[in-house]
Each structure stands twice: as C-alpha cells, then as structure tokens.
Amino acid sequence: MLSKYAIKSPWLYRINTGSCNGCDVELATTALIPRYDVERLGCKYTGSPKHADIVLVTGPITVRAEDYLIRMLDEIPEPRVIVAIGICPISGGIFRDSYSIRGPLDKYVEVDVNVSGCPIRPQSILDGVAQAIAIWKDKINQFHEA
Amino acid sequence: MITLSASSVFAYLLFPGGLFAILFGLILLSVERIAVARFQGRVGPPIYQNIFDILKLRIKEVLIPEDVTNRFMFAIAPVFGFVGMMTAIFILPVSGVYGGTGANSDLIVLVYLMALPAVSHILGGSASGSTFAAISVSREVILMFAYEISFIIVLFTVALEAGAGEGVVFSLKGIVDYQVIHGSFISNFKMIPAFLAFVIFMLATLEVPPFHIAENDGDVMKGYLMEYSGMPLAFFEITHALKLIVLLTVLQVFFMPGIAGYNVFFNLLWFIGKSAVVVIGIALIHASMPSFRVDQAFKFLMTVPILLSLMSLGMVLFL
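These protein sequences, in sequence, are chains A and B.
Using the working numbering, the first residue of the first sequence is number 367, and each one after it goes up by one.
Using the working numbering, the first residue of the second sequence is number 4, and each one after it goes up by one.
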C-alpha cells in the first residue's frame, strides 16, 4: 500500500565509473535546469549510496573503478533500480575493446533501464527515470511480499 | 511547574507539538524546496513531497555497517534530537494559540534543548565509523561553538528588554505577554541588530547555504547521515522538520509574537502565515548564496552575529 506514496519520492544517486563527464554534466546540471526539471517527479540527488533508490551509472567501468563500483553497489539498500546512463555502461561505446575497460555494467548487476546516447539527451534522462519509477513500484511490492 | 494532565498530553502528542508540528514542519520544508526551485526558474516538487519522503524511507531496508564503532550509540543517536525537539515545541508558546507550559525559567531549558539535534548529529556521525562522517562532525562542532554564543547573547538581550529595566524575564510566556502589550520587538530599533543576529543563527543551525558545510554533498557526500538508511534516516529528517518549526516559533516568540485578535483559529493562521513568509525568505537566501568554507564560516560567525547581538545588548543596557 505504501508503494503508491513511495514512488513519488525516488532519490537519485550518481556513480561515475570512469566516464568522460559528458553524461555527468547532463545529469548534474541539465536535468535540473528550468526546462527539464527532474525534481517535479519528486526526485532529489542524494550524497550517500545508502539513501539511494534509483542508481544512475555512467562510464564504461574502468579497471580502477571496478572495485569501487562493486563495493558501492553492495551498499545500496533494497528495493532499488539500476539505470545505465549513456552508451558506455551499456556496451562500452567508443571505448569498447580497450585494454582498460571491464564493462559492460550487466556483468556486475542486473540493469533495469538502459538510457542510450553519447551523451544522453535530457529528455531521455527524464524518460529513463520515469521508466525506472514504474519498475521500482513493482520491486517495492515484490520486496514486501518476500 | 508542569503537571501531567490530559491537556498537556494532548499538547505534547497532537497540537501544537507532536503530529501537527511534524506535518507542518515537513510541509514547510517542501515549501522551501518549491521556493528555491521557483527562484531558479524551475517547477519544483509538490507540496507534500517531504511527507512522502518519510513514507518512502519506511519501506527501505535498514543497513548497519560492519565497522560501526559503537552500535548502541549509532542506534540511539537519531532519537536524541527528536526527543529534544518534541520537548522544545511543547514548552514554546504560540502567541494567542497555546500558552506553553508557563514554567518560570523555560528560556534556560530552551538553550539546552536547542543544542540536542547538533549533539545527535555528532553522536551518530562519530559512532558510524565513516571518514566522511568524521570530517562532517568536526565541522559541525566548530560551527556549533561559533553560533551558540550569539544565540545566548540574543537570548539575554530579549530577556533584559522584556524585563523593562527591572531585571530579566526568563519565562517565554512573560516575553510573549510583554510584547503583546508593548508592541513586538521587531518594531523596536534597539532589537533590530539582535534580530539580524538571530536570522544568521537560524541559517547556521538549519545548515542552508551559506552555512551548508557539515552535510554538503559536494565535498563530504552526506556527512554525518552517510551511514544511515531507512527509518533512522527518517528520524533525522523528521528532526530537521521539527527543528525548523522550533526555530520559527522561537523567532516569533522573541521578535514578532503579535496576535491577530482573540480568535484561536485566526491566530493559528497568522502563525502559519508568518512562518511561511520567513521560510520563503530563507529560501531566497538559499537560492542566491554559495557556501562558505568552514574557516570562513567560523570567522564570519565569530564576528558578525556576535557584534550585532552585542550592539543590541549594549543599546538595551545603556539607552
């Protein structure tokens, strides 16, 4: 029953796994400027992975970022939704087959939404977050039945 | 003297403390977020946003990190601030609506209760064993030392002025009654510097920019709240909402307790209206200011609000 109210307050957390910062700029600033306000959906960027509901992962998962990514994914409480932002965590993008890349993201965790683009458009971020909220609602119900 | 009666239990649990204060505080926090969004040209969240945040945290998993230095302190820290704020709202009068407990020296008790949320942040943050929490706790302690001084000077100034040259009034109800008869202190030129000092104290306690230092997610991630999740985090959020209400009520007790007639309902609306205007003012500062570094904030808090409040104290004593 609480899921009806809970889906109106998804908190977002960004994980940068060696991204070129193109997608991070889009997430951090463009998604919050007047035209594409993600706070309308009740979202808020949090500082700690333990407060996160929807996790936005950018970057192709470099060798250095791998351990930190695994540790951080452990710290995110259930129920949660993982969103891959940009082409890099989905397939590696232009960094594919590089010696320093350990991606894609779905080797480590079950990815719920893929938002592709290089860099992503703000409209597709909002669309991805909206889809993630729909998936999150089902996950809350499953989590409470379990 | 406080006696346990049905009306005091009602006042503690439902109105104006307890449920009313929590809901009103959460709504005011949302109003602040909406106002910041509007000042930045955005739409902002809906007005019930912070209530839904609390309901959401109810369903989340509670994680307790393995390297917690003190499990008991980590678990009990959120309750400290919550209890302190609940009690503070219970003893504070809302002019024309609720008389407070009417105890003789409740102003002194208020000083101790107002420090409890910061103490709970310090206890919880230092027990959580996180490096970010440790940095944030040290910043919180530094700021707390700086802003509490100016608060105590403002408090003595108000108590002296309400005594009208015949000693000090340490009763909150006495301060309110004096101002209802003789006019609010905000319209008194001697008290304007103290009012400004109190507003700076409010900003520093609420940790909005320019004092968004201890839990700035830009450099210490979430600070002392870093390791909290689920219901304990919700307790910290509720405490923050109650802290906002306590500060707004103290501001209105100290400087603008004017009443809108003798109807309780209109007085309550007047209280809500004044609170909302102050919150929108805070949001304007929030939206337009960058954040201090901790040393800059310490220097600022040690000079400007203390000088302002001392100026008021001097005028009250010698004019």
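It is worth saying that the hints were derived from the structure and are not from the lab.
Wrong hints could be hidden among the right ones.
[To be verified] Below, a list of computed lysine to aspartate or glutamate pairs in the DMTMM-like style, where the Cα atoms sit at most 25 Å apart:
#1 A/K473 - A/D463
#2 A/K503 - A/D472
#3 A/K370 - A/D463
#4 B/K176 - B/E151
#5 A/K410 - B/D220
#6 A/K503 - B/E240
#7 A/K505 - B/E151
#8 A/K374 - B/D180
#9 A/K503 - A/D463
#10 B/K277 - B/D298
#11 A/K505 - A/D493
#12 A/K410 - A/D463
#13 A/K370 - A/D478
#14 B/K302 - B/E169
#15 A/K410 - B/E151
#16 A/K503 - A/E476
#17 A/K370 - B/D220
#18 A/K374 - A/D390
#19 A/K374 - A/D463
#20 B/K302 - B/D180
#21 A/K410 - B/D180
#22 A/K374 - B/E151
#23 B/K277 - B/E169
#24 A/K370 - A/D472
#25 A/K374 - B/D298
#26 A/K473 - A/E444
#27 A/K370 - B/E210
#28 A/K374 - B/E64
#29 A/K503 - B/D222
#30 A/K505 - A/D463
#31 A/K410 - A/E444
#32 A/K374 - B/E240
Evaluated hints:
no.: 1; hint: A/K473 - A/D463; verdict: 15 Å, holds
no.: 2; hint: A/K503 - A/D472; verdict: 21 Å, holds
no.: 3; hint: A/K370 - A/D463; verdict: 43 Å, violated
no.: 4; hint: B/K176 - B/E151; verdict: 22 Å, holds
no.: 5; hint: A/K410 - B/D220; verdict: 12 Å, holds
no.: 6; hint: A/K503 - B/E240; verdict: 23 Å, holds
no.: 7; hint: A/K505 - B/E151; verdict: 46 Å, violated
no.: 8; hint: A/K374 - B/D180; verdict: 44 Å, violated
no.: 9; hint: A/K503 - A/D463; verdict: 36 Å, violated
no.: 10; hint: B/K277 - B/D298; verdict: 33 Å, violated
no.: 11; hint: A/K505 - A/D493; verdict: 19 Å, holds
no.: 12; hint: A/K410 - A/D463; verdict: 35 Å, violated
no.: 13; hint: A/K370 - A/D478; verdict: 20 Å, holds
no.: 14; hint: B/K302 - B/E169; verdict: 35 Å, violated
no.: 15; hint: A/K410 - B/E151; verdict: 31 Å, violated
no.: 16; hint: A/K503 - A/E476; verdict: 16 Å, holds
no.: 17; hint: A/K370 - B/D220; verdict: 28 Å, violated
no.: 18; hint: A/K374 - A/D390; verdict: 24 Å, holds
no.: 19; hint: A/K374 - A/D463; verdict: 40 Å, violated
no.: 20; hint: B/K302 - B/D180; verdict: 37 Å, violated
no.: 21; hint: A/K410 - B/D180; verdict: 43 Å, violated
no.: 22; hint: A/K374 - B/E151; verdict: 37 Å, violated
no.: 23; hint: B/K277 - B/E169; verdict: 31 Å, violated
no.: 24; hint: A/K370 - A/D472; verdict: 29 Å, violated
no.: 25; hint: A/K374 - B/D298; verdict: 39 Å, violated
no.: 26; hint: A/K473 - A/E444; verdict: 19 Å, holds
no.: 27; hint: A/K370 - B/E210; verdict: 31 Å, violated
no.: 28; hint: A/K374 - B/E64; verdict: 18 Å, holds
no.: 29; hint: A/K503 - B/D222; verdict: 32 Å, violated
no.: 30; hint: A/K505 - A/D463; verdict: 34 Å, violated
no.: 31; hint: A/K410 - A/E444; verdict: 18 Å, holds
no.: 32; hint: A/K374 - B/E240; verdict: 17 Å, holds
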